[in-house]
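Taken in sequence, the protein lines are chains W and L.
Those letters in the first sequence? Residues 1 to 696, by this note's numbering.
Those letters in the second sequence? Residues 1 to 327, by this note's numbering.
Since the hints were derived computationally from the structure, they do not count as laboratory data.
From the three backbone atoms N, C-alpha and C, an ideal C-beta is built for every residue, glycine too.
Any given hint could be a false lead.
[Unchecked claim] Cβ-to-Cβ under 8 Å is the rule here; a few derived chain W residues that face chain L:
1. Gly383
2. Thr564
3. Thr623
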Amino acid sequence: MSAGAVGRAYPRLEGPAKVTGTARYAVEYPVDGVSYGWAVPSAVVRGRITRVDTAQALASPGVLAVLHHGNAPRLTPGPQTELWLLQEPAVHYRGQYVAVVVATSLEAAREGARLVHIDYDTGPHSTVLTDDHPGLYKPDHVNPSYPTDTAEGDFDAGYAAAPVRVDATYRTPAYHNNPMEPHATTAQWRDGRLLVHDSNQGASSVQATLAELFALPAESVRVVAQHVGGGFGSKGYAKAAVVLAALAARHVDRPVKLALTRQQLFGPIGYRTPTIQRVRLAADTDGRLTAICHDAISQTSTIQEFAEQTAVYTRSMYAAPHRRTTHRLVRLDVPTPFWMRAPGECPGAYALESAMDELAVAAGIDPVELRIRNDTDVDPDQGRAFTSRNLVACLREGAQRFGWAGRDPSPRSRRDGRWLIGTGVAGSSYPARSRPSSATATARPDGSFLVQVNATDIGTGARTAMWQVAADALGVPPERVEIRIGDSALPTAPVAGGSMGTSSWSWAVIRAAQALREKLRDGGPPTGEVTAEADTTEEVGGQPALPRYAYGAQFVEVRVDADTGEVRLNRMLGVFAAGRVVNPTTARSQLIGGMTMGLSMALHEEGLLDERYGDWVNHDLATYHITGCADVESIEAYWLDERDDELNPAGVKGIGEIGIVGAAAAVANAVHHATGVRVRELPIRLDKLIGLSDLA
Amino acid sequence: MKAFRYHRPANVAEAVAVLAAEPQAAYLGGGTNLVDLMKLGVQRPDVLVDVTRLPLDTVEELPDGGLRIGATVRNSDLAAHPVVRRAYPVLARALLAAASGQLRNMATTGGNLLQRTRCVYFQDTGKACNKREPGSGCAALHGQNRDLAVLDWSEQCVATHPSDLAVALAALDTVVEVHEADGPRDIPIAEFYRSPGTHPERETTVARGALITAVRLPPLPAARRSTYLKVRDRASFAFAAGSVAAVLDLDGDVVRDVRLAYGAVAHRPWRAYRAEEALRGRPFSPELAARAADAELAEARPLRHNGFKLPLTRAITVRALTELASS
Ligand SMILES: Cc1cc2nc3c(=O)[nH]c(=O)nc-3n(C[C@H](O)[C@H](O)[C@H](O)COP(=O)(O)OP(=O)(O)OC[C@H]3O[C@@H](n4cnc5c(N)ncnc54)[C@H](O)[C@@H]3O)c2cc1C
Ligand code: SF4
Chain W
1 MSAGAVGRAY PRLEGPAKVT GTARYAVEYP VDGVSYGWAV PSAVVRGRIT RVDTAQALAS
61 PGVLAVLHHG NAPRLTPGPQ TELWLLQEPA VHYRGQYVAV VVATSLEAAR EGARLVHIDY
121 DTGPHSTVLT DDHPGLYKPD HVNPSYPTDT AEGDFDAGYA AAPVRVDATY RTPAYHNNPM
181 EPHATTAQWR DGRLLVHDSN QGASSVQATL AELFALPAES VRVVAQHVGG GFGSKGYAKA
241 AVVLAALAAR HVDRPVKLAL TRQQLFGPIG YRTPTIQRVR LAADTDGRLT AICHDAISQT
301 STIQEFAEQT AVYTRSMYAA PHRRTTHRLV RLDVPTPFWM RAPGECPGAY ALESAMDELA
361 VAAGIDPVEL RIRNDTDVDP DQGRAFTSRN LVACLREGAQ RFGWAGRDPS PRSRRDGRWL
421 IGTGVAGSSY PARSRPSSAT ATARPDGSFL VQVNATDIGT GARTAMWQVA ADALGVPPER
481 VEIRIGDSAL PTAPVAGGSM GTSSWSWAVI RAAQALREKL RDGGPPTGEV TAEADTTEEV
541 GGQPALPRYA YGAQFVEVRV DADTGEVRLN RMLGVFAAGR VVNPTTARSQ LIGGMTMGLS
601 MALHEEGLLD ERYGDWVNHD LATYHITGCA DVESIEAYWL DERDDELNPA GVKGIGEIGI
661 VGAAAAVANA VHHATGVRVR ELPIRLDKLI GLSDLA
Chain L
1 MKAFRYHRPA NVAEAVAVLA AEPQAAYLGG GTNLVDLMKL GVQRPDVLVD VTRLPLDTVE
61 ELPDGGLRIG ATVRNSDLAA HPVVRRAYPV LARALLAAAS GQLRNMATTG GNLLQRTRCV
121 YFQDTGKACN KREPGSGCAA LHGQNRDLAV LDWSEQCVAT HPSDLAVALA ALDTVVEVHE
181 ADGPRDIPIA EFYRSPGTHP ERETTVARGA LITAVRLPPL PAARRSTYLK VRDRASFAFA
241 AGSVAAVLDL DGDVVRDVRL AYGAVAHRPW RAYRAEEALR GRPFSPELAA RAADAELAEA
301 RPLRHNGFKL PLTRAITVRA LTELASS
């Protein structure tokens, strides 16, 4: 690729449209004769609907219809049982959608929803994850297709024989994705064809799911997702809102807009599963790891298995001769957990990188140095060399920029008035993968180019990045390129997820551009439009299975109020090695966004479940606290120049998730350094630290 | 959402008359609490009587040296008022520690005092709550109650009053001026709020339909040395995990007068009379402040998740008073 647009800090192409309010989100498209849907959640945890009384709702002004399992259009069963909505009387968790009220205004639909009376037969339920739950079982595999357990060497013997050992159990609560734009859809049926403007992370995948559910050929379903107000994984597949809107629009035979409320995001859209993680580490007196074991417990629902790959991070991060990882699940009467930024790696790294800190303390070795000593060029899991691994370089550069040298390792060694000050570090890693994609590139007679790929820009800057990649691949200045994304009518492409969007889409874009240049090579300037297509299915599928990872190092300084236990972040600094960076402006936002979300996980967020009701009771942003700007006094992200030719044509590793991995551990480790208190259950709130001084 | 009518009264008498005639009417201030609760179905008025155009939006210095604050003065304006900042810093600080800039621009003095509890069960019509639906039970008593009361709660309700402003006003011995169907009335703030008892749905001692027209701060020169300390779970935009409003008047090192009120501990802003008693007339020291807080909290009954509020309240009492003593 010629040096050109890639690597330059272009502002987002749609920035002006967004700040002037002309960029349209899913329910902002003007539609004639539109009506409004309101999703009705079940009021019980587990049971069966015995009666739905819609009379009062239907009599309420403006209400057009009430859909429920007794009258809703039929769906074709598919693998995602969570989407089997309004089809049967069974209720599997509290908050599951059991009806939709459609009305001529949003307010009328909401009022109608209150007037739908549903009777249930209920049974006993279980909604709390424990490490001795009788329902614990071993799933066949963990997400997406990793082995459930792994073992090499003899962990028990290795652990027993070691001079330095750590055995600690870490707990994380349920975390809830709260993108600014909720799951929202405008659905319209025309002549048996379905058009949805939907807030999702992958219009091609939503198209396929809707086609399957409504038994339609794919070309009869069009999904438009031009601008998406965040997703963090929660919009990775079709979710309830789009299915309910499509069902409702078909039932009332008019367009329907349906958006979930903030409260409704807490549960049915998926959430990060709570975890209970026991980590055991053993090392020789030099801190060289001899045995590693990570046992992870998480939850799934009774209707769909979701097996968070919590301990997978531990398989490849540090080397040791004796290693074991296990995953166990419990099926609870809860909504199915789902993706949240770095599923698996994020909670897993919290536990492992915390345990590494405990090991550093136990062995009396600096925690940066401990990680450097346990670096490995060969993936301990696959036994093959990493295509590139710059963990140590990240640690070194981070330590230098942060001013780590000379740190007094003893807890409570720094104080500024009432504030106890501490610093912490953690490693970070995230797989660099690609999925098959397709794209087209078109040369126009006026010398401009059109590049089309059904990528999704969930606020990340993906549109701008693809435009830069396309320009370089075409060998023209980006001003001559028009990029189109966010529509299932465009060439099929995978979701914006798993940090695979940029690598996958750019691969197809580059191949399409190359094919177009090939076509244009012989003739002069085209008289009509010339288009070339690319589909990377074969090429991606044929790529050798090598361990490809991005790495990072997270550094944090906190201060803890000795009297009240309040924890505040002084500064946070991350250094990452993630292949080529396409756009420094948008890359920086991704990295500091991930780091901030990790801070939020460490200090603030917690879904509070009430076992009696079986749902999270703090379901709004006034009571479910997310880190705010005032909590982030200083945050910096840097990246190393990294070239890895074994990745993909653009040489990128993906940066959407690496920023969150390890961040919570770095915060927790800093809190320990500040206070001497090791809080192993997130979030680290003041009530877990109060009592440090004699005042309290 | 229930359809409602909107009424803009020409004067106070008309506003009060509408509420007297309409059993399901409610006053609308900034709407930052009421409208949220209406969307959630927690409050379902037929008529909203918008009081924000009534001539109640001024801050007036009184001949006796006190201050009258109109009920519709916005929280932001009040916090920025030069007299408030100079003579009652505790009030300005309490206001600025609350909510967010946008909310404070909308929120009114009257609405702030009458905002409802943030108990999560109160805000969810799918859960049992005596305050929302008398007789349905109190889900919080044995539920998620980290944010709730440690003092003066009843089996029927363990909610806290969420306002920061009200805590400062409680410390300042504020008088609440209301207009009821039979005319105006003054109520000391200490008598304005109720304990939950067996009727948590009744939050104040005024009749339904009473309009707050103003709050009146008595002259209190000592309030120039006053502060509000609030501890919360994140750096901004969160309700208090604990808070204290404090006024300290020292004669040498002897406490001549002191006013203390706590937030986040009870169904009403909690005036800490016992702590004041323990401090008054004695030479000030942080240890004395700690003992005073202990005296106040001696009868506290923490719930399952909120025991931390006792050491927290004690710590901020000591800190607030020590800061004032050395200022
Ligand atoms: C996300 C969020 C965070 C917040 N954080 C904080 C915080 O940290 N600290 C804090 O103290 N507050 C906080 N608040 C609450 C905020 O302060 C209140 O919502 C606000 O003060 C209410 O004022 P208002 O004028 O908008 O009241 P409204 O919502 O208009 O009314 C509230 C109640 O008062 C009644 N009412 C209004 N005016 C009068 C009157 N003159 N006479 C009689 N009755 C009247 C209404 O009928 C209603 O019952 C927060 C609110 C939100 C939404
Ligand atoms: S504490 Fe009060 S407001 Fe909360 S549930 Fe109980 S009765 Fe309702």
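Hint check, failures only | 1
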